[in-house]
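Position chain S against the provided structure of chain R, taking the given hints into account.
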Amino acid sequence: MLSAVIEVAVGNLRLEVDLEVDEGEVVALLGPNGAGKTTALRAIAGLRPIDDGRIELDGCVLDHPATATFVATSRRPIGVVFQDYLLFPRLSALDNVAFGLRARGRPRADARAEAQRWLDRLGLADVAGARPRSLSGGQAQRVALARALATDPRLLLLDEPLAALDAGTRLWVRTELRRHLATFDGARLLVTHDPVDALVLADRLVILEDGRITQTGVPAEVTARPASRYAAQLVGINLLHGVAAGERTVRLGTGTELTVADPLPGPEVAIALRPQAIALHRHRPDGSPRNSWAATVSEVEADRDRVRVTLAGPVPATAEITPAAVAELDLVAGTPVWASVKAVDLTTYQR
Amino acid sequence: MKPRVGQRRRPRSARAPWLIGPLAALAVAYIAVPFVALLQRAPWTNLGEAVRQPVVTDALRLSLVTAFAATGFSLLVGIPLAWVLARTRFPGRSATRALITLPMVLPPVVGGAALLFAFGRQGMLGGPVATATGFLLPFSVWGVVAANTFVAMPFLVVTVEAGLRAADARYEDAAATLGASRGMIFWRVTVPHAAPSIIAGAVLCWARALGEFGATVTFAGNLQGRTQTMPLAVFLALETDREAAIALSLVLIAVSLAVLLPLRDRWLGT
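Sequence lines, in order, name chains R and S. Taking the numbering used here, the leading residue of the first sequence gets 18, the next gets one more, and so forth. Taking the numbering used here, the leading residue of the second sequence gets 2, the next gets one more, and so forth.
Treat the hints as calculated values from the structure; they're not laboratory data. Treat the numbers as computed from the prediction; the structure is a model and nothing was measured.
Here are a few chain S residues that face chain R, going by a calculated C-beta distance under 10 Å: (1) A176; (2) G180; (3) S182.
Backbone N, C-alpha and C fix where the C-beta goes; we use that ideal spot for every residue, glycine too.
For reference, chain R alone in the conformation it holds in the complex (with noise of 0.2 Å):
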């Protein structure tokens, strides 16, 4: 499917990856702001040609410096979302996605009614009519995705997809790209900094950090053995695994139940919980978070000016607090402790 062998170097980043991505599977690729994902990707789509390497997509090579092959962007079978989307300001929602249509000589009419289709089919009928300007960021998410699909790409390619989403909205529209990215065949790359978002739409990780990739697997492989601080990192984010057990209750293998703030996505779920978001201890906690259980220190590990600790109980997680609150519950291994996390801080997807 996609093989790219890329060397390019841009400003002081020296970017140099080997990424190959399967039909049908999702990749994504994480590293920190300033990795070169961005950069990579471009090289992708054909907008920044590489200075060595080799770029092929359905046997077909893209960009190969050695046989001075590149192919034009325009006659690439890419469909690429950008952050912030760039939908065209003075198009409407349809002629943005009907763009592409034209683009390859549709008649406007059939362009259009095409367009529609798509629209339709993204739960977007009601804003055909309107401006980017007036869409909310979730709609014009969506747009952009109609827009980058309705030319029939064999790879569809995610900058930052939900980077310029507010918290709120982002949940959901995380959940909803998932469901849509799901309805396409070909291969999909995503590119992220947020390991929440890698993980709940990546089949595959792909880790890159300073111009390198660092670790590649998929995302249980990942998170059990980082290869790098960034990795370990992102080993922090617990993932629990549970069924629907009520409208907004996750049941877990254990038994115990945890109340998340939005309707499951379906009847098996996982959750991905930062362990910045969990609250330890002495005593039972009263007031706000309704999720709260009783739970053991297995371990516990300074890391820089952050302490974590792994907790066994009902709850499988590890939780990161400051030095000053390890002091001041006296945590040590054995410690028994409560545990508690708001509803919001859950993040759930279909597993």
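Only chain S this time, still in chain R's reference frame:
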């Protein structure tokens, strides 16, 4: 003291430092007084008759036609030039930009003289063309358009180039990923995004062409009905017929305002 929370504070304009106010007032007066003087001398009673004189109508028609023609020609070649300067890198780009802005700072008479040496009867290009076809650019309507374009086009190029530089080129990338050809990207994405600067540039170009005097009189002469534009007619009439000069001036002011006022929101900011 009552708490100030919730009180509506009146938006207060800044207080001018010492001397700033009077100097600003002086600037306004300096621009306003000549207009007042002109209006005060206007022959209001027989103004209608004055503006219907052939010398006025001929000059007005010629000025409008040549100013629009020069603007049209400037748009045709100036937008592509602005694009090349804004979006490509080539050796000599800075020199090209310096060259294209030269007519903005050059005395127009010098421009007219240069045009004469290039396109005149004995000119570098004009000579061979005249020998071969008999066509002569100077002292014709085309000569007026040529002089106007030479002087006014740089205003368009500079404005549009700035507009293209300020525009987000990533929209062009997005269009390319959707399969748009270079031509489609230019017409459907680049030009619409640069539209405000193109309009502003065209207005500046047109206004400069309408007021052109030095290069026109040098290169195209001063023949009524053929090359005598409004500014030339005003200058000539001042010597012979003051009332006609004032009438011509009023017409020029009216025409300028008629073009500028509808565009002031886009061009002047507020």
